[in-house]
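Q: Read off the chains here:
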Amino acid sequence: MSSLTGSTPAPAAKSSPQGSALLRRVAGFRLIPAIDTYPRWVAFAQTTLGKVLLLTFFAAGLRLRLDPMTCLVITATVGAATFLPDHRRWFVTGGTLVWAVMGSWFDWSALGYVAERNGVGGALNLPNLQAAAVAAVFIFGALLIGLARRHPQALPFRRPVLALVIFYTVLLVLASSVLSGRIGVGAWALVIPLGAYFWFLAYAVVDARAKDGDSVGLQLGTFHPFWGSTTTPLPKGAAYLRRVECKDAPALAVTQLKALKLLVWACILNIAGDLFVLIAHVELHVPSYKEAFKSVAAGAPFPWYVCWLSLISAFLEDVLILSVWGHTVIACCRMAGFRALRNTYRPLAATTIAEFWNRYYFYFKELLVDFFFYPAFFRYFKGRKRLRMAVATFMAAGLGNMFYHFTRDIGFVAQMGLWPAVKGFQVYAFYCFALSAAIIASQLRNRKHPSSSHWFWTSVSPRFGVLFSYCLLMVFADTDRTYSISVHFAFLLHLFGIGA
Amino acid sequence: MDTRQKLRAYVEKLLNNNGDTREFSDGDSLLLSGRLQSIDAIEIALFLEQEYGIDFSALGFDEVQIDSIDRIASLVEQSGKQIP
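For the protein sequence lines, the chains are A and B, in the order given. So for the first sequence, our numbering puts the first residue at 1; every next one is plus one. So for the second sequence, our numbering puts the first residue at 1; every next one is plus one.
Incorrect hints may appear among the rest.
What the hints assert, rightly or not - Listed below are the simulated EDC-like cross-link pairs for lysine to aspartate or glutamate, each with C-alpha atoms no more than 20 Å apart in a straight line:
hint : chain 1 : residue 1 : chain 2 : residue 2
1    : A       : K385      : B       : E51
2    : A       : K294      : A       : E317
3    : A       : K385      : B       : D40
4    : A       : K385      : B       : E49
5    : A       : K382      : B       : E51
6    : A       : K382      : B       : D40
7    : A       : K51       : A       : D86
8    : A       : K382      : B       : E43
9    : A       : K382      : B       : E12
10   : A       : K382      : B       : D55
11   : A       : K385      : B       : E43
12   : A       : K385      : B       : D55
13   : A       : K382      : B       : E49
Said to hold, decoys possible - Footprint (simulated), chain A over chain B, 3 or more residues, beta carbon under 8 Å:
hint : stretch
14   : 31–37
15   : 57–64
16   : 69–80
Keep in mind the hints are simulated off the structure, nothing from the lab. What you are looking at is a predicted structure, and each value in this text was computed from that prediction instead of being measured. Even glycine gets a Cβ: it sits at the ideal position worked out from N, Cα and C.
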């Protein structure tokens, strides 16, 4: 795929001629024709009939992946943006508001626990409280964006993300440890949606300082846009949308053809994922990773090689699930007229852990880079390049990653209380430290040792090394707080035939 | 070698390291198009710090500032260096 409208290009391996020829032939194979490069297709996609057909095929493909109501909202919004491109951004805001009104995309169950614990479960109308809380978060966001635009030099807006982190942490401590009764429940009603919209708000407040920044209305349209996201904004915020928005009809035609291709690819991967699960778990009886892990925790483990098979299959399933989901979201975003990069791009081709993250979950990596890596890198240890790189990497892959996941799973704090939830986070915290160390080591190693020239050592061996390392790290990538870190180490040792 | 040529040579080296040998014009997007990654953005920023004394902690860093040769050249120009 060409990189001009969006895919993340694969850094080609530095390899010998015979290895390069083989890789080129493999890379050149196309399951889906490159219709976005056919001039007649691009010209036809600019006609009214072409647009209608493109939208029809896209809606049909989308229906294979999503429920009818979601399909309808997405198709109607991208249809409007296709025929009236001058108002594209306002249609995005409209579609996003409809999406927000249709129902919450995040988990409200924590509010139920808190209401019960405070003895006000029956006395409060929780759906109304939830709707009011979401409206309050949107109003808070609008106020914050307006203030940041008017007073960019005011203390909180000089470091807006740090100010948001402090504000959210204080609100969380108040809700979980200080306030009680109806006020406590009210505070939790704000903590939950504020956590869900945290990174959308962060992108918007940072962008509010830009000279060409969007109005509040357009900014709010990027708060979990109608095409989908998690707590990670896809694709980033309003600033990114402005930069990748199609400026003319040919660019829109190419981008929409790419969108259709990406959606078809998502459908193919979805079928591949189903087949993989069928073969691995039904035909070959490989236990799921959860089952394998539980067996070790219960002291009656499956053999070590079976645990390896479970771990590898879980890793591949994760990659497929994330790819299918991300491709669908980005396909919808492209169909709306934005040349966004793919969220997942050939992750198994990564030759370093850092590159794997870039390819596996691009927009999560971008979030960590934008809000943690860059600020640390450009502020601290400027005279010491390696230390500077290591500290910034730790800020992103370590601290940023921890903060992101702790706030994403804020329901654990409501269920368990603040301190037990922090304590239970030890496993994921260890994962963040280990991941940071692995990325730092791979960065330093790349600088120290120039690669050998044989294609096996430059292309094949590093890829297996990355997959092996990531599978090991995955043992600790657990935010559930069900098992202690010692159980996770027991599983790791069992993979090598030690203990259990 | 003038400043713009020097910038082009450096960016070309980064693209080649990524296996990207396609032509690029001075106005072509490098980062937003995905041809270069965040790690390359860091390399460019380090190069600009070392070669032209640009201080991103004071200026504020945004990948858009270095998204094309034209933009990088304009940044260098603002820092006080002459671009022929």
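Q: Does each hint fit the structure? Answer for all of them.
A: Outcome of the hint check:
Between the alpha carbons of A/K385 and B/E51 the distance comes to roughly 15 Å, so the proposed pair stays at or under 20 Å and holds. A distance of roughly 19 Å separates the Cα atoms of A/K294 and A/E317; the hinted pair therefore holds under the 20 Å criterion. In summary, the hint linking A/K385 to B/D40 is supported, as the alpha carbons are separated by about 15 Å, within the 20 Å threshold. Restraint check for A/K385 and B/E49: the C-alpha separation of about 12 Å stays at or below 20 Å, so the hint holds.
Between the alpha carbons of A/K382 and B/E51 the distance comes to roughly 14 Å, so the proposed pair stays at or under 20 Å and holds. A threshold of 20 Å between alpha carbons decides the hint, and for A/K382 with B/D40 the separation of about 17 Å falls inside it, so the pair holds. With a C-alpha separation of about 16 Å, the suggested pair A/K51 and A/D86 falls inside the 20 Å cut-off, and the hint holds. Simply put, A/K382 and B/E43 have alpha-carbon atoms about 13 Å apart, close enough for the 20 Å limit, and the pair holds.
Of the supplied pair hints, the one linking A/K382 and B/E12 is violated, its CA atoms being roughly 25 Å apart against a limit of 20 Å. For the given pair, A/K382 sits about 10 Å from B/D55 by alpha-carbon distance, which is consistent with the 20 Å threshold. Taking the CA atoms of A/K385 and B/E43, the gap is about 11 Å. The hint holds against a cut of 20 Å. Under the criterion of a C-alpha separation no larger than 20 Å, the hint pairing A/K385 with B/D55 is consistent with the structure, at around 15 Å.
For the proposed pair A/K382 and B/E49, the alpha carbon gap of about 10 Å is at most 20 Å, so the pair holds. With a threshold of 8 Å between beta carbons, the proposed coverage of the stretch 31–37 of chain B by chain A holds, since 5 of its residues qualify and at least three are required. Counting residues of the stretch 57–64 of chain B whose C-beta sits closer than 8 Å to any C-beta of chain A gives 3, which meets the bar of three, so the coverage hint holds. Counting residues of the stretch 69–80 of chain B whose beta-carbon sits less than 8 Å from any beta-carbon of chain A gives 0, not enough to reach three: the coverage restraint is violated.
Going down the numbered hints, you'll see the structure goes against 9, 16, while the others check out.
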